[in-house]
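Student: Chains A and B supply the protein sequences, listed in that same order.
Under numbering that gives the first Met the number 0, the first residue of the first sequence carries the number 0, and numbering increases by one thereafter.
Under numbering that gives the first Met the number 0, the first residue of the second sequence carries the number 0, and numbering increases by one thereafter.
It should be emphasised that the hints constitute simulated quantities derived from the structure, not laboratory data.
It is possible that part of the hints are untrue.
[Unchecked claim] Straight line, CA to CA, 20 angstroms or less: simulated SDA-like cross-link-like pairs of lysine to any residue:
hint, chain 1, residue 1, chain 2, residue 2
1, A, K67, B, G21
2, A, K59, B, L85
3, B, K144, B, G21
[Unchecked claim] Covered stretches of chain A (chain B as the covering partner; in silico rule of three or more C-beta atoms under 8 angstroms from a C-beta of chain B):
hint, stretch
4, 89–102
5, 286–298
6, 369–379
[Claimed, not checked] Counterexamples of contact, computed for chain A against chain B with all Cβ distances above 10 angstroms:
hint, residue
7, E1
8, L60
9, G223
10, G250
11, M257
12, M258
Note that CB positions come from ideal geometry on N, CA and C, so glycine has one too.
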Amino acid sequence: MELTREEELALEGEEGEAAALAMKVLVNLGDLEGAGRMLPIGSAHVSGVSYLTAGGALLKLLEEFTRKGAKAKVPSSLNPAGMDLACWERMGIGPFFASKQSRIIELFSQMGIDTTCSCIPYELSGTVHPIRLGEHVAWGESNAVIYANSVVGARTNREGGISSLASAITGLTPEYGLHLDGGRLPTFEVEVRGNLSHLHFDLLGAYIGKNWNSVIAHLSGIKGRPDIIDLKHLGASLAAKGGHAMFHMEGVTPEHRMMERSRKEGIVRERLVIGPSELEAAQEDLYPAPQKEPDIYVLGCPQFGPAEFGRLHGAIKGRKLKEGKRIIVFTSKAVRSMLGSGVLNDIVGAGVEIYDDTCMVVTPLRDMGIGLVGTDSGKAAHYIPKMSKVETELLPMELMVERSMG
Amino acid sequence: MSTDHLMGPSSSLTFQGVALKGVGSAPVRGRALKWDRPISFLGDVDPATGEINRDGASGNLRDRVLVFPEGAGSTVGSYVIYNMKLNGTAPKAMLMKRAEAIIAMGCIIADIPLVHRIPEERFQAIATGDTVEVRPSDGTITVWKGVEAGR
Numbered sequence: 000m001e002l003t004r005e006e007e008l009a010l011e012g013e014e015g016e017a018a019a020l021a022m023k024v025l026v027n028l029g030d031l032e033g034a035g036r037m038l039p040i041g042s043a044h045v046s047g048v049s050y051l052t053a054g055g056a057l058l059k060l061l062e063e064f065t066r067k068g069a070k071a072k073v074p075s076s077l078n079p080a081g082m083d084l085a086c087w088e089r090m091g092i093g094p095f096f097a098s099k100q101s102r103i104i105e106l107f108s109q110m111g112i113d114t115t116c117s118c119i120p121y122e123l124s125g126t127v128h129p130i131r132l133g134e135h136v137a138w139g140e141s142n143a144v145i146y147a148n149s150v151v152g153a154r155t156n157r158e159g160g161i162s163s164l165a166s167a168i169t170g171l172t173p174e175y176g177l178h179l180d181g182g183r184l185p186t187f188e189v190e191v192r193g194n195l196s197h198l199h200f201d202l203l204g205a206y207i208g209k210n211w212n213s214v215i216a217h218l219s220g221i222k223g224r225p226d227i228i229d230l231k232h233l234g235a236s237l238a239a240k241g242g243h244a245m246f247h248m249e250g251v252t253p254e255h256r257m258m259e260r261s262r263k264e265g266i267v268r269e270r271l272v273i274g275p276s277e278l279e280a281a282q283e284d285l286y287p288a289p290q291k292e293p294d295i296y297v298l299g300c301p302q303f304g305p306a307e308f309g310r311l312h313g314a315i316k317g318r319k320l321k322e323g324k325r326i327i328v329f330t331s332k333a334v335r336s337m338l339g340s341g342v343l344n345d346i347v348g349a350g351v352e353i354y355d356d357t358c359m360v361v362t363p364l365r366d367m368g369i370g371l372v373g374t375d376s377g378k379a380a381h382y383i384p385k386m387s388k389v390e391t392e393l394l395p396m397e398l399m400v401e402r403s404m405g
Numbered sequence: 000m001s002t003d004h005l006m007g008p009s010s011s012l013t014f015q016g017v018a019l020k021g022v023g024s025a026p027v028r029g030r031a032l033k034w035d036r037p038i039s040f041l042g043d044v045d046p047a048t049g050e051i052n053r054d055g056a057s058g059n060l061r062d063r064v065l066v067f068p069e070g071a072g073s074t075v076g077s078y079v080i081y082n083m084k085l086n087g088t089a090p091k092a093m094l095m096k097r098a099e100a101i102i103a104m105g106c107i108i109a110d111i112p113l114v115h116r117i118p119e120e121r122f123q124a125i126a127t128g129d130t131v132e133v134r135p136s137d138g139t140i141t142v143w144k145g146v147e148a149g150r
């Protein structure tokens, strides 16, 4: 990699030990990936925040970084933690886990990183640096990466916890992959036939992701205009099942015309034609249903934004949870502050539990007494059985409300 | 034990790989542990003991020069490598055919020298128990066949 004089000096320790270590991470990453130079970034979103996933090693690494004087150089935000930072006791989290998790957040905060703890920084322009078309950023969290690249047209590779933190500290990222035009071209074509429901977008992402790993899909033929929930869930499923970092959608995403260049260059390798009946037929293979109907339903993967709260409010229609049933929603304080108090009061009044700062994928569900759940998220239904060994049913939000409210 | 007289040019093999920049400084020497399958540090390795177990094969990575083709699995693997360093169960160095971000990030934060792009025939020539010296400054590798030589 070609480094500027300033970058060389940072690598040699001119800006302190923490910046030197962070620069060492990025220079080596750039060498491995064949990057030519570093790019300045507008923001960093740091993943690897939950004590459940990275544990004591993360805590010790953060202690080392803060001891070496680490400070974020660009606006930076955090992924969900392993618990609601205020109401962890009500969630059923133990004091040991809580003290470790709180210390992790405290260390990030000392580095000057915003501690909203959200996986949807792209919806939080009021608290986190807003992203723009063509802007280079360094984001971890696969659903945020695919949304930023696809729907906003910002440019980020799929960063891990360590590289996203290194980018927060240096304000730089190596230039390769999705930062370059050539790394954003679709290589796979999907023609969608028929009308898709919300849940079909989760299944569509999972089906493509499972069968075609790490491609950039171009989707056409989708009727109507998919809403923000559909785009979030499609991207989250593509990323979870297939490691995708970007998709294009005809008439919807800002760079969908890149398909013309892909066709001209002959790099579109395959074409898939698919509709609702094929997706429903694939559901049992993608997300095998548990034998029993769950009593507990989890919503908010990716975390609930204002659109999802509106949809849930509409589905509840003034009903209340039946005895023995639970619906748990994961969101952030930043999203709550965007909502009218009427919507929130109605949802809480129906018996729905709402937690901030976390989600069902990174919180210890078994500690919360949960052994079987239903969710409307293809991403959550992919990860919960792996991470928490909890059986998971995938079903639409409206159906869980029908089953559990009366 | 002085075995310097055994270390003539005829009994050793020297070649070059690509070293991570700024990771490790002085040459490190240790016995090789050769693993022929990709390693997922999250899942395959116990950071408390250094034990590796997969598909019926097992070994201990502690203080070894770990020789393996490539990494696999979750990005949390980087933290497992760091955890091994903190626990004193980490390998002294790693040699790989192909490095990727998960292993590289782990080695950088744990300050474990990593040399990659080891040519196939050199990779094949190294066996568990060989003595290996790794020079982090330029990626030079020297291998002495057998356990005793070079110690």
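Student: For every hint, state whether the structure bears it out.
Tutor: Verification of the hints:
{"no.": "1", "hint": "K67(A) / G21(B)", "in the structure": "holds, 17 angstroms"}
{"no.": "2", "hint": "K59(A) / L85(B)", "in the structure": "holds, 9 angstroms"}
{"no.": "3", "hint": "K144(B) / G21(B)", "in the structure": "violated, 29 angstroms"}
{"no.": "4", "hint": "89–102", "in the structure": "violated (count 0)"}
{"no.": "5", "hint": "286–298", "in the structure": "violated (count 0)"}
{"no.": "6", "hint": "369–379", "in the structure": "violated (count 0)"}
{"no.": "7", "hint": "E1", "in the structure": "holds, 14 angstroms"}
{"no.": "8", "hint": "L60", "in the structure": "violated, 6 angstroms"}
{"no.": "9", "hint": "G223", "in the structure": "holds, 36 angstroms"}
{"no.": "10", "hint": "G250", "in the structure": "holds, 34 angstroms"}
{"no.": "11", "hint": "M257", "in the structure": "holds, 26 angstroms"}
{"no.": "12", "hint": "M258", "in the structure": "holds, 29 angstroms"}
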